[in-house]
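Order-wise, the sequence lines are chains Y and U.
If you're matching positions, the first sequence starts at 41 in our numbering and goes up one per residue.
If you're matching positions, the second sequence starts at 156 in our numbering and goes up one per residue.
In short, the hints are calculated from the structure, not lab data.
On a predicted model such as this, the values are computed, not experimentally measured, just so you know.
Backbone N, C-alpha and C fix where the C-beta goes; we use that ideal spot for every residue, glycine too.
Among the hints, a few may not be true.
Lysine-lysine pairs mimicking DSBU-like chemistry, simulated, CA-CA at most 35 angstroms apart [as the list claims (entries may be wrong)]:
| # | chain 1 | residue 1 | chain 2 | residue 2 |
| --- | --- | --- | --- | --- |
| 1 | U | K604 | Y | K258 |
| 2 | U | K230 | Y | K111 |
| 3 | Y | K160 | U | K762 |
| 4 | U | K300 | Y | K134 |
| 5 | U | K382 | Y | K134 |
| 6 | Y | K160 | U | K230 |
| 7 | U | K241 | Y | K160 |
| 8 | U | K390 | Y | K160 |
Here are some chain U residues the structure puts well away from chain Y; computed CB gaps all over 10 angstroms [claimed, not checked]:
| # | residue |
| --- | --- |
| 9 | N251 |
| 10 | T311 |
| 11 | D341 |
| 12 | D449 |
| 13 | L644 |
| 14 | A661 |
| 15 | L666 |
| 16 | S712 |
| 17 | I721 |
Going by beta-carbon spacing under 10 angstroms, a handful of chain Y positions derived as facing chain U [unchecked claim]:
| # | residue |
| --- | --- |
| 18 | L76 |
| 19 | L79 |
| 20 | I83 |
| 21 | E96 |
| 22 | P98 |
| 23 | D100 |
| 24 | I101 |
| 25 | P103 |
| 26 | H114 |
| 27 | T184 |
| 28 | F296 |
Listed below are the residues making up each chain.
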Amino acid sequence: MEFFKIRRDIPFMRHALAFNVISLLTFLLAVGFLALRGLNFSIEFTGGTVLEVSYEHPVDIEPIRNTLGQKGYHDFSVQNFGSSRDILIRMPLKPGQESAALSRAVIEALTAQDRSANLKRVEFVGPQVGRELAENGALALLITSLGIVIYLAFRFEWKFGVAAVIANLHDVVIILGFFAFFQWEFSLPVLAAILAVLGYSVNESVVVADRIRENFRKMRKASVTQIIDNAITRTMSRTIITHGSTQMAVLAMLLFGGAALHYFAVALTIGILFGIYSSVLVMAPLVRWLGVRREDMVKPAQDRKQEAVV
Amino acid sequence: MNRYPLWTYVLVALAVVLGLLYTLPNFFGEAPAVQVSSAKATLKVDSAVLARVEETLKKSGIQPTGLFQDAGSIKVRLADTDTQLKAKDLINQGLNPDPQNPSYTVALNLLSSSPAWLTAIHALPMYLGLDLRGGVHFLLQVDMKAALTKRLDALTGDIRSQLRDKSIRHAGIARESSGVVIRFRDAETRAKARKQIEDQLPDLQLADSGDGTELRLTGTIKPEAQKRTQEFALKQNIQTLHNRINELGVAEPIIQQQGADRVVVQLPGVQDTAKAKEILGRTATLEIRMVDEDNMNAAALAAAAQGQVPFGSEYYVERNGQPLLVKKQVVLTGERLTDAQPGFDNQTQEPAVHLTLDAAGARIFRDVTRESVGKRMAILLFEKGKGEVVTAPVIRSEIGGGRVQISGRMTTVEANDTALLLRAGSLAAPMEIVEERTVGPSLGAENIKKGFDSTIYGFAAISAFMIVYYAVFGMFSVVALSSNLLFLLALLSLLQATLTLPGIAAIALTLGMAIDANVLINERIREELRAGSTPQAAIHAGYERAFGTIIDSNITSLIAGLALLIFGSGPVRGFAVVHVLGIFTSIFSSVVVSRSIANLTYGSRRKLERVSIGNTAWK
């Protein structure tokens with residue numbers, strides 16, 4: 041079986057400008073959503089209380105909302121969690137509010153309304169912890185990006201490092217844009233997914249960069265554009281199959297992982313799909329804009345040993 | 156060309172066997188068990204207790220399926236939950252004749268039912284996190300007022316010794332509810348005292364009041380010092396909880412600050428809330444007091460045993476049964492203790508406990524010992540409001556420098572225990588549990604099932620695709636992927652890293668990402684074949700040339716994984732641990748394992764016409 045029987049190089053670079061415009065537009069849209077709507081941070085970041093309550097039969101959200109409203113709570117949210125019998129109640133942080141008392145009061149109100157209400161889980165996060173988590177998350181993102189630039193600069197050339205990180209950070213911003221647009225809950229596992237996908241997508245850029253370097257050695261007469269086109273075309277089959285396989289695993293998570301893993305899998309899906317596009321079609325034109333030359337890649341006095349490439 | 160030396164095959168075979176061995180315990184599941192541990196800090200769970208448990212069960216005709224003794228506890232494995240409950244009650248009655256004052260904690264637990272030989276080689280099931288196995292969670296509130304009171308007590312003592320050191324005469328020092336009041340007879344002395352206290356104790360805010368010969372100096376703790384004291388109290392309490400829970404053998408607890416004056420404690424897998432409370436409730440505090448030598452005669456002791464304790468003293472019984480009268484006045488509290496280590500006496504080689512005191516503690520200790528050579532001092536440990544004399548040594552000489560050694564009449568084990576208690580026993584302020592919650596085992600089981608399903612279906616889909624797309628080489632890849640899963644599970648079991656739901660997600664994701672290496676190799680082989688290489692050369696080139704790229708791509712993943720590991724907490728950490736381990740196992744399995752199989756299958760054929768790697772016929 042073979043999906044990719046491509047005999048001639050696809051002229052990706054002819055459309056480089058178009059790709060860059062598309063990227064820029066999606067990027068700006070994502071930034072716009074982030075600025076206008078902001079992220080719907082989970083209580084891990086904001087602090088607050090989450091209660092997971094399960095019932096023996098499907099329940100309506102509205103009466104529960106009313107009951108809690110009558111008890112004098114504000115700004116809380118009630119939604120189904122995984123199934124129609126489970127609900128998740130989120131309560132904002134209130135100064136002076138005891139978490140223990142809060143969860144007890146809420147579950148009392150709910151059992152008074154429906155005897156089968158059963159408190160499955162309570163989570164309470166104070167503001168201090170939340171701030172720390174947000175800071176550490178941002179720091180992890182920064183360190184990962186820096187680490188990748190340094191590694192790629194050391195492995196290839198700074199132009200590739202910068203291009204790869206811009207391309208993949210552009211993915212990160214787009215994932216965040218999706219979360220802002222749909223107001224999906226941004227929790228710690230989502231953050232982990234984003235960083236994992238960042239490390240993973242950079243692979244694509246590595247493979248393409250490797251091939252570009254190889255082509256600079258092999259195709260002595262070819263122009264930079266031809267070299268890049270050839271590199272992308274030759275690695276395309278591998279890129280799509282690899283991402284497809286990873287997406288299969290993520291899809292299984294999306295289908296069978298339940299509510300707890302839902303947004304984790306969603307973030308991965310967006311990351312993988314955009315990763316295919318950006319790590320190849322954003323990174324390669326960027327490298328060209330940055331002005332990569334044969335001399336950057338093939339140092340005359342250096343040893344000519346064959347680099348491992350695909 | 157495509158042959159590995161024998162040792163490589165042996166290595167792979169060995170890795171697979173070890174992988175199987177250490178993954179095995181996960182398939183045995185867990186059996187109900189009863190766990191017996193000491194409820195008192197000074198009481199050891201030893202083989203005598205084991206014998207008692209065994210006898211108790213035998214008398215009632217309960218046949219345990221396993222009886223183990225490990226550091227600090229006895230575990231009895233039982234056939235089913237009914238027997239478990241029955242056995243728990245029986246053992247509880249047998250070991251704790253007085254339910255008001257139990258000597259042992261008897262709790263329900265789960266125990267791996269893997270055979271003993273597996274446990275003996277340290278093959279244990281994976282350690283499941285709170286979200287998978289259920290468990291208890293506590294929110295503890297630190298009593299900050301008590302922390303301040305304690306600090307004020309300590310400062311009062313400091314003032315007293317400061318004034319004595321400088322021979323400043325005062326007419327009395329009293330600690331009142333909000334501060335320390337020092338009375339003076341003349342203004343000059345007061346000014347002198349004020350200067351001295353301001354210099355030495357900058358935490359105190361001083362105010363003059365009174366007139367004539369009734370001059371007063373009132374010291375209160377400055378707001379910033381109050382804040383510092385509270386922060387310190389919280390930190391020390393967290394540390395103490397850590398020590399207590401760690402050294403009492405609850406594996407991988409989570410102890411975190413929450414808000415300004417709270418501590419969260421999560422004890423995964425602990426089914427019994429009461430037992431967990433018991434562990435946390437061991438809020439031992441340490442006090443050093445003088446033995447009331449004046450009344451240490453037979454008559455007074457006999458009277459004290461009847462309840463007629465001399466004024467200003469308290470009646471205690473030492474661990475060896477000796478009665479003792481101890482003064483109520485506290486010389487030192489555990490706060491002044493910075494460290495306690497077991498060791499040996501330099502001269503006699505007897506087991507000893509070495510204590511280190513802070514500066515103020517050292518000064519007090521020097522003064523007290525100078526005045527009381529030949530007398531006895533008692534080290535008391537307060538647990539749950541009840542005091543116990545740990546040891547009551549005789550002071551042989553003045554002890555300066557803050558380094559104290561307690562020795563004599565101690566075994567090595569006792570020295571260890573005493574040191575542990577002294578070290579872990581000092582809570583800066585009392586705590587109470589304000590929230591407790593249980594993550595139900597049903598929710599945990601649900602999460603395990605969901606995570607397991609995701610992994611299996613993802614694995615199946617990838618396998619099916621690889622075999623269809625790459626034929627025999629696809630099969631090699633699937634075997635490599637299976638071995639990757641095996642190694643990952645074995646490593647997680649071996650390292651006893653906490654597996655959480657995000658961790659299971661990381662396993663699924665690792666499988667999806669690991670296949671990348673095999674895709675790289677297979678694509679490269681195809682390409683070589685297309686370019687006209689012989690099959691053997693193509694296989695060789697495919698593996699050799701893909702290797703660099705595989706390393707590259709895994710290194711970038713590793714950078715992200717390590718960043719998550721370093722900065723992540725909670726769910727992110729659980730994810731990162733598995734992710735990072737998975738990167739290592741996938742390099743090994745996709746490169747070495749899959750090549751071993753390819754070499755074994757094709758390497759020995761001299762005239763290999765074609766390899767099965769899907770369609771490569773087009774040009």
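Status of each hint after checking the structure:
1. U:K604 to Y:K258: Cα-Cα ~52 angstroms, so violated.
2. U:K230 to Y:K111: Violated, at about 47 angstroms.
3. Y:K160 to U:K762: violated (65 angstroms)
4. U:K300 to Y:K134: The given pair, whose Cα atoms are some 23 angstroms apart, holds under the 35 angstroms limit.
5. U:K382 to Y:K134: Judged against 35 angstroms, a Cα distance of about 22 angstroms means the pair holds.
6. Y:K160 to U:K230: holds (29 angstroms)
7. U:K241 to Y:K160: Holds - the C-alpha atoms of Y:K160 and U:K241 are around 28 angstroms apart, at most 35 angstroms.
8. U:K390 to Y:K160: Holds, at about 31 angstroms.
9. N251: Given that every Cβ of chain Y is farther than 10 angstroms from that of U:N251, nearest at about 30 angstroms, it holds.
10. T311: Non-interface label on U:T311 holds, nearest chain Y Cβ at 32 angstroms vs cutoff 10 angstroms.
11. D341: About 48 angstroms separates U:D341 from the closest Cβ of chain Y, which puts it past 10 angstroms; holds.
12. D449: holds (49 angstroms)
13. L644: It holds; U:L644 is separated from chain Y by about 16 angstroms at its closest Cβ, greater than 10 angstroms.
14. A661: violated (8 angstroms)
15. L666: violated (6 angstroms)
16. S712: At roughly 4 angstroms from the nearest Cβ of chain Y, U:S712 sits no farther out than 10 angstroms, so the non-interface label is violated.
17. I721: violated (7 angstroms)
18. L76: violated (28 angstroms)
19. L79: Where the cut-off is 10 angstroms and the nearest Cβ of chain U is about 16 angstroms from Y:L79, the hint is violated.
20. I83: Nearest chain U Cβ about 12 angstroms off; hint violated.
21. E96: Interface hint status for Y:E96: violated (13 angstroms vs cutoff 10 angstroms).
22. P98: Check failed: Cβ of Y:P98 comes no nearer than 17 angstroms to chain U, outside 10 angstroms.
23. D100: violated (22 angstroms)
24. I101: violated (20 angstroms)
25. P103: violated (24 angstroms)
26. H114: violated (21 angstroms)
27. T184: holds (4 angstroms)
28. F296: Holds, because the Cβ-Cβ distance from Y:F296 to chain U comes to roughly 4 angstroms (cut-off 10 angstroms).
Checked against the numbered hints above, the structure violates hints 1, 2, 3, 14, 15, 16, 17, 18, 19, 20, 21, 22, 23, 24, 25 and 26; every other hint is satisfied.
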